[in-house]
Amino acid sequence: MITADRVVGWIVAGVVSSVLFVGVGALHLWVLLSTWASIGITVAAIVIALGFMVLARAWPPVEYRRTFYRVDELGVEICRGVVFRRLIAVPRSRLQHTDISEGPIERRYGLATLVLHTAGSVNSSISLRGLDRGTALHLREALSPETEHDAV
Amino acid sequence: MLSKDLSGHEGSYRLHPLSVVFGMSGAIRALILPGLAVVILARGEESDIWLMVLFGPAVVYAVVRYLTVRYELHENEIVIRQGLFFRSVRHIPYHRIQNLNLVQNVFHRVLGVVELRIETAGGAEAEAELRVLSAAALAEIRSQISGYKARVDEKEESRPDMEPEVPGSKDKIDLLWPPVDDALSPRLLYQMNAGEIARLGLISNRGLLILAAFIAILTQVDLLESSIEWLSSVQWLAEWITWSKLLSVPLLIVLAVVGTVLLLRLFSLVWSFLQFHNFRLVLVGNDLQTHSGLFTQQTVAIPRHRVQRLVIRESLLHRWFGRVSVKAETAGGKAIDPGVGSRWLVPLAPRHVLQSILDAVRYDVNLNGVDWLALAPRASRRMGVRYLLLLFIVCAAAAAISTWWVVLTFFPLAPLAMLLARLDVKHRGYALTPSAFLVREGWYTRKRVIIPYSKIQTVSLGRSPFDRRHRMATLRVVTAGPTPGTPSVHVPFLTLSVALRILQRLRLEAESHELQW
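So the protein sequences, as listed, match chains A and X.
Be aware that the first sequence starts at 1, since it is given in the working numbering, and climbs by one per residue.
Be aware that the second sequence starts at 153, since it is given in the working numbering, and climbs by one per residue.
Any given hint could turn out to be false.
Computed, partial: chain X to chain A, Cβ under 8 Å [claimed, not checked]: (1) 612; (2) 632; (3) 666.
What the hints contain is simulated information worked out from the structure, not anything from laboratory work.
We put the CB at the ideal spot given by N, CA and C, even for glycine.
Based on the provided sequences and hints, a complete structural model is requested.
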């Protein structure tokens, strides 16, 4: 999961920095800037781009360390968030249905996202990212209701 | 009265022929001004043609709609077909119906027809609207649905063991329409008399709304300018009186303020009578029905197990009068009231009625015996910081639009903010009863929310960096709502260990109380 998130991070950083640099370049071409303004803008662009790169490298492990889940006979508990931490409990009988989604990058690393749907007015879909594909399938199996539910 | 479909299959009905008229009425309302303009401007014989151009499509549309909309009542679902080119067939199983709403305005009443809206969970709008039906057709639909319920109940009774929570049982439906105890005889739970309605008008603040609507109408008809002119002439008169009679200006201002307040309350009173004339809360089988309205009568039927949570409100005025108001929040369609998904169960009632209403909804809660638990010991300090921050922002904003020293008002007001914060925390709390989770908040308008364990969807704890420093957490309890994003119930500033314990308890209770829609 860390690697996959880092890949995503690098892609985002790459897009952001190329947009920034193209923007700065265009600014230099079309607008006459004083030397200081030019240096300031360039430095700012470099700092922002570097910031994104550092985040792309450092954030995924931090996020990974702060994500937990637990499944027991009562249901699922998911704990996540680095700055604002959240613990969400979904009782087993309140699960409407579960989805497994795989993006191209996730697929490349054999990962999957489990999405739990409830009928709640908020938190109606809760996703658990970065699961092993097998684990995700297994979890979904373990959580799928044995009884036929009212489809709301 | 029932207009059976001539083309063939049994059990297929059309709407009432008057649907054409009511279908047109919307268009007429929209086109009334252009229509008048046409009549006035083109005084000659041409006006007929122009009117036909204007109203023709609406008439055609209404006729086509009447001819194409059909509904069928099957054993366990209602099927609605409509459309000329793009046909749609909608199946609504009876057990998915959250509530049936009836609307009857003056014209409907005179002609003996009614508008029916069928609401199911989740949708922002009614699942189906049948405009308009005859009273007989309505009775037919109702009897079909209640007949279905009765059949389901019979099945329930004939089953040897009355264990409704057997996992894997195919008769999940039994849970959806629990057995009717005392037949289908309606039981009047509460009725508002004129005095109560007047009190409601005094307590609620709807006067401003009506005033706004009034002004809107005035601007529409260009009366505003003339009325302002009139008002200014009155002002001139008043000034003249002031100077001649040596009345003090402050007295005049006081009089004006008092007059405005009285006028607003009067409007509020009018609103209250329009809306809630002859308000009745009736229990019919398992449906809670409210009937109200002076001109436009409205009936809302909510199956009682569909009530997701109850909200009991008492403002300062409520408490002076010894009254409460109760709203029921359901997961069904768009609410008619402002305030999404919540419906008045009781707009205003004496306090002693409350318990009987809770019993009628089958909330196994005794409000007098509730053991309220408080927030974390240091909660008032944190709330104080929050209030001070808010006060500072307000002061700073005030300073920004006036002069800088206005910001100094922060200091004399700070103790007041601290006091309010303390009050706020003091009136917050939660309780765990054998069947429901209760939350209370508000020091001016006291609000109590009752969430049966069987309606809890998810429970979560949130911890901001500040929460973490103080070892606290915010508890959030989510139920189903009519639209995504209906606010959930939350309890802030709980001691972390306590919050975790509540979370585990709620998980357990939610799982052991089977979800009932």
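Hints versus structure:
no.: 1; hint: 612; verdict: holds, 4 Å
no.: 2; hint: 632; verdict: holds, 4 Å
no.: 3; hint: 666; verdict: holds, 6 Å
Hint check: no violations occur; every hint is consistent with the structure.
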